Structures are given as C-alpha cells and as structure tokens.
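K.L.:
Start from chain Z and add chain S according to the hints.
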Amino acid sequence: DAGVIQSPRHEVTEMGQEVTLRCKPISGHNSLFWYRQTMMRGLELLIYFNNNVPIDDSGMPEDRFSAKMPNASFSTLKIQPSEPRDSAVYFCASSLEVAQYFGPGTRLTVT
Amino acid sequence: RKEVEQDPGPFNVPEGATVAFNCTYSNSASQSFFWYRQDCRKEPKLLMSVYSSGNEDGRFTAQLNRASQYISLLIRDSKLSDSATYLCVVEVSGNTPLVFGKGTRLSVIA
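Residue numbers (the numbering used here), protein chains in the order written: chain Z, 1 to 111; chain S, 1 to 110.
Because the hints were derived from the structure by calculation, they are not lab data. As the structure is a computational prediction, the values presented were derived from the model and not from experiment. Here a beta-carbon is modelled for each residue, glycine too, at the ideal position from N, C-alpha and C. Treat the hints loosely; a few may be bogus.
[Unchecked claim] The calculated DSS-like cross-link candidates involving lysine-lysine, where the alpha carbons are at most 30 angstroms apart (straight line), are: (1) Lys102(S) with Lys45(S); (2) Lys45(S) with Lys78(Z); (3) Lys2(S) with Lys45(S); (4) Lys2(S) with Lys42(S); (5) Lys79(S) with Lys68(Z); (6) Lys78(Z) with Lys42(S); (7) Lys68(Z) with Lys42(S); (8) Lys78(Z) with Lys79(S); (9) Lys78(Z) with Lys2(S); (10) Lys102(S) with Lys42(S); (11) Lys24(Z) with Lys102(S); (12) Lys24(Z) with Lys68(Z); (13) Lys24(Z) with Lys78(Z); (14) Lys42(S) with Lys79(S); (15) Lys102(S) with Lys68(Z); (16) Lys78(Z) with Lys68(Z); (17) Lys79(S) with Lys45(S); (18) Lys102(S) with Lys2(S); (19) Lys24(Z) with Lys45(S); (20) Lys79(S) with Lys24(Z); (21) Lys102(S) with Lys79(S).
[Stated by the list, open to error] Label-pair restraints from in silico Cβ distances: (22) Ala67(S) with Leu96(Z): 27 to 35 angstroms; (23) Glu15(S) with Lys68(Z): 44 to 52 angstroms; (24) Ser107(S) with Arg41(Z): 20 to 28 angstroms; (25) Glu83(Z) with Ala67(S): 43 to 51 angstroms; (26) Ala67(S) with Arg22(Z): 42 to 50 angstroms; (27) Gln80(Z) with Thr18(S): 48 to 56 angstroms; (28) Lys45(S) with Glu44(Z): 33 to 41 angstroms; (29) Lys45(S) with Met40(Z): 19 to 27 angstroms; (30) Asn52(Z) with Thr18(S): 40 to 48 angstroms; (31) Lys2(S) with Lys68(Z): 40 to 48 angstroms.
Excised from the complex, chain Z in its bound form (with noise of 0.2 angstroms):
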C-alpha cells in the first residue's frame, strides 16, 4: 500500500525565492497535517486539515507559509519569499482516526 507520498525529496534555492512542497496522504484518510521539524524546536505542527477544510492554522510562523489542500488526495505548501531560517525537513501526515502517517518528508535548504 503506499504511504503518505511527498516531493519533493530535497530542495535547496536561494533566500527570495518561492519554494513549493507537496503531499499526497494515503488514501481514504480524511485528515491531513504538515509540520516542520529542526534539531531546536522539534516537531512543530504548522497547519492541520479535515476534509479538505483547513481547522487550525495557528503553527504557520508567518505570512509567508501558505497551505492548500484543492482535494482529497492532493495539498502543498508554500513559502514566499523564503528565508535561510526556513530550512528544516517539513512532514506531510495522514489520518482516518487518530494515528498519523508520516511521509518520507522534504529537506529545505535556504541559502
């Protein structure tokens, strides 16, 4: 069965530049999350969805980060512009009840 699918896998782009990560959750799952996480804060929950419909978006840091999710199968997340403290590995995770699913996640290097 595939699991939570994100792409991309790495990205490295200049400090200015828009940067835009995606996630496929697995399907059938109804609740969708994105966090970001470093080696200081952790895991930090950014934004969570469900059923398409974004519920909390209090974890986004600034204006810059913007989520979507058009459907089910489908959501990305966006930084605009970004900046060097942006770099982390962001996780897409999945959920039908209350277990979440993580994907392989994207490592963001902002130079």
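P.N.:
Positioned in the frame of chain Z, the structure of chain S alone reads:
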C-alpha cells in the same frame, strides 16, 4: 510546563539490556497516547498505541498511569536496530491534533 515532556537522553545501552523511557503530559483530559519511533533522517513511524491496561508487542511494553500523568515504554533484550529516537505522543481530545514530545534518543551498543 510543556504539554509533553521527555528526557532527551541519549540513553546508551549494551545489546541485550532492558531500557525504559518515561514521558509526562500536562493535560489530564488527554485521551489517546502513542509511542512513535524516528530513525536518523527519516520520518516518525507509529510504534504502538498505549492503552490504560498496558500493552505489549514483542519486546516492547507500553504503560499508562493516568493518576500521575505519565506513559512509559520498556524495551527488553535491546537490539542494535532499536537505536532511534522515541517520541511520546498525546491526543488531548478527539478534535485536536496529536502533541509530540521532543523525543528520547536511544543508542544500543554492540
């Protein structure tokens, strides 16, 4: 007080040893509890749920103490492949997302 607290470790143990991790949570209304495992440069993966009565999966035993608001994970007969970071995870209510601890690092040494 942080919502979920764990000793970051590292715990360095020899192969075959038994090791236990504890985790405390602050919200007494928390309903569901999990242990996740995260290998270096990989995503967190669900290891096991934690039930009130305690539960076992092979060499792994998870226990919940609601009165003291802590969860434990016991690993018996440690293997080299158990080396990872173990994340304690709590759900406060059915309508809120999971809260992850920062993890406890385990290193099993030959």
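K.L.:
All hints, please: hold or fail.
P.N.:
Right, here's what the structure says about each hint:
For the suggested pair Lys102(S) and Lys45(S), the alpha carbons sit about 14 angstroms apart, so the restraint of at most 30 angstroms is met. Using a Cα cut-off of 30 angstroms, the hinted pair Lys45(S) and Lys78(Z) holds, with the two alpha carbons roughly 25 angstroms apart. Pair hint Lys2(S) plus Lys45(S) holds up; C-alpha atoms about 22 angstroms apart against a cutoff of 30 angstroms. Our distance criterion of 30 angstroms between C-alpha atoms is met by Lys2(S) and Lys42(S), whose separation comes to about 25 angstroms.
Restraint check for Lys79(S) and Lys68(Z): the C-alpha separation of about 42 angstroms exceeds 30 angstroms, so the hint is violated. This hinted pair checks out: Lys78(Z) and Lys42(S) have alpha carbons roughly 22 angstroms apart, not beyond 30 angstroms. At most 30 angstroms may separate the alpha-carbon atoms for a hinted pair to count; Lys68(Z) and Lys42(S) meet this at roughly 25 angstroms. Restraint check for Lys78(Z) and Lys79(S): the C-alpha separation of about 40 angstroms exceeds 30 angstroms, so the hint is violated.
The straight-line distance between the Cα atoms of Lys78(Z) and Lys2(S) is roughly 29 angstroms, inside the 30 angstroms bound, and the hint therefore holds. Pair hint Lys102(S) plus Lys42(S) holds up; C-alpha atoms about 15 angstroms apart against a cutoff of 30 angstroms. For the hint linking Lys24(Z) to Lys102(S), the alpha-carbon distance of about 26 angstroms falls within 30 angstroms, and the restraint holds. Pair hint Lys24(Z) plus Lys68(Z) holds up; C-alpha atoms about 12 angstroms apart against a cutoff of 30 angstroms.
Restraint check: the Cα-Cα separation between Lys24(Z) and Lys78(Z) comes to about 15 angstroms, which is no more than 30 angstroms; the hinted pair holds. Our distance criterion of 30 angstroms between C-alpha atoms is met by Lys42(S) and Lys79(S), whose separation comes to about 19 angstroms. Of the pairs offered as hints, the one joining Lys102(S) and Lys68(Z) holds, with about 27 angstroms between alpha carbons and a cut-off of 30 angstroms not exceeded. Our distance criterion of 30 angstroms between C-alpha atoms is met by Lys78(Z) and Lys68(Z), whose separation comes to about 9 angstroms.
A C-alpha spacing of about 18 angstroms is found between Lys79(S) and Lys45(S), which places the hinted pair at or below 30 angstroms, so the restraint holds. At most 30 angstroms may separate the alpha-carbon atoms for a hinted pair to count; Lys102(S) and Lys2(S) meet this at roughly 10 angstroms. Taking the CA atoms of Lys24(Z) and Lys45(S), the gap is near 17 angstroms; set against the 30 angstroms cutoff, the hint holds. The straight-line distance between the Cα atoms of Lys79(S) and Lys24(Z) is roughly 34 angstroms, outside the 30 angstroms bound, and the hint therefore fails.
Among the hinted pairs, Lys102(S) with Lys79(S) is consistent with the structure: their alpha-carbon atoms are about 23 angstroms apart, no more than 30 angstroms. Judged by the Cβ atoms, the range 27 to 35 angstroms given for Ala67(S) and Leu96(Z) holds: they are separated by roughly 31 angstroms. Judged by the Cβ atoms, the range 44 to 52 angstroms given for Glu15(S) and Lys68(Z) holds: they are separated by roughly 48 angstroms. Separation of Ser107(S) from Arg41(Z) is about 22 angstroms and conforms to the stated range, judged on CB atoms against 20 to 28 angstroms.
The hinted window of 43 to 51 angstroms between Glu83(Z) and Ala67(S) holds, with their beta carbons roughly 46 angstroms apart. Under the hint 42 to 50 angstroms, the C-beta atoms of Ala67(S) and Arg22(Z), about 45 angstroms apart, fit the expected range. Between Gln80(Z) and Thr18(S) the beta carbons are some 50 angstroms apart, a value that agrees with the proposed interval 48 to 56 angstroms. Between Lys45(S) and Glu44(Z) the beta carbon distance is about 19 angstroms. The supplied range of 33 to 41 angstroms is therefore violated.
A hinted range of 19 to 27 angstroms holds for the C-beta pair Lys45(S) and Met40(Z), which are about 23 angstroms apart. Between Asn52(Z) and Thr18(S), the C-beta spacing of about 46 angstroms keeps the proposed range 40 to 48 angstroms intact. Distance hint for Lys2(S) and Lys68(Z): a CB-CB separation of about 31 angstroms, inconsistent with the stated range 40 to 48 angstroms.
The structure does not agree with the numbered hints 5, 8, 20, 28, 31 stated previously, though it agrees with the rest.
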